[in-house]
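Chemist: Listed here are the chains, written in short residue letters.
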Amino acid sequence: GQSLEQPSEVTAVEGAIVQINCTYQTSGFYGLSWYQQHDGGAPTFLSYNALDGLEETGRFSSFLSRSDSYGYLLLQELQMKDSASYFCAVSAGNTPLVFGKGTRLSVIA
Amino acid sequence: NAGVTQTPKFRILKIGQSMTLQCTQDMNHNYMYWYRQDPGMGLKLIYYSVGAGITDKGEVPNGYNVSRSTTEDFPLRLELAAPSQTSVYFCASTRAERRYNEQFFGPGTRLTVL
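Quick note, the sequences are listed as chains W and G, same order.
For reference, each letter of the first sequence is one residue, going 1 to 109 in the numbering used here.
For reference, each letter of the second sequence is one residue, going 1 to 114 in the numbering used here.
Treat the hints as calculated values from the structure; they're not laboratory data.
Estimated spans, in silico, between C-beta atoms of each pair: (1) G40(G) with G15(W): 21 to 29 angstroms; (2) S8(W) with N30(G): 28 to 36 angstroms; (3) E102(G) with S27(W): 17 to 25 angstroms; (4) Q79(W) with T7(G): 26 to 34 angstroms; (5) S67(W) with T70(G): 37 to 45 angstroms; (6) R77(G) with N94(W): 20 to 28 angstroms; (7) S69(G) with N94(W): 22 to 30 angstroms; (8) N94(W) with I15(G): 34 to 42 angstroms; (9) T70(G) with S3(W): 29 to 37 angstroms; (10) S3(W) with P39(G): 17 to 25 angstroms; (11) A16(W) with Q17(G): 42 to 50 angstroms; (12) N94(W) with V60(G): 17 to 25 angstroms.
Calculated from the model, a selection of chain W residues having no Cβ within reach of chain G, i.e. all distances over 10 angstroms: (13) T11; (14) R59; (15) D82.
To give a feel for the contact side, a few chain G residues facing chain W, derived at Cβ under 10 angstroms: (16) Y31; (17) Y33; (18) Y35; (19) M41; (20) G42; (21) L45; (22) E102; (23) Q103.
Cβ atoms here follow ideal geometry from the backbone N, Cα and C, with glycine treated the same way.
Please take these sequences and the hints and turn them into a complete structure.
Modeler: Encoded structure:
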């Protein structure tokens, strides 16, 4: 089977940087995705890493280390609108995408 | 493109009633999924489909049924609703490639069973 671990809650100050970690256990790993979900909304895709290293998209970056079965989402210049839940998800084998339980990010002034 | 659309947005059912949650996508995606999300929790896969005429169970299929007669539509049927099925239901779709499968989600259906 597959399993993912990520912190349940993170709090950070507006304008700061926050890192949300995700560790996974799976076989036949293809890649790690990140999704954002605001309260009352649907999940939306943020990023995908298949290779080791950092992928940057504006204020958001995502990192993957395949050897450590570990990745993180980095949010810079935090804004109040970044308050949301963030899910990591693993693509592996012939199984559908498996989501973690999510990290609730609260951005405070 | 409308993307993934779901109807209804909200529904209240009585115990034992049945209903169908509708999901349609206009992106010509082969893969479609149904998830449920309980308050403060992650997404649990109910059923998925890799193409018209093909469906498979996910993590929590009991109490649900699906069909996929066309590429566009993937309805979810609840038979004999129970309070444990109170949840938000999301439909999602993705293009065929499994290795990079950005999923596009519908807005969700908020279901309460009383």
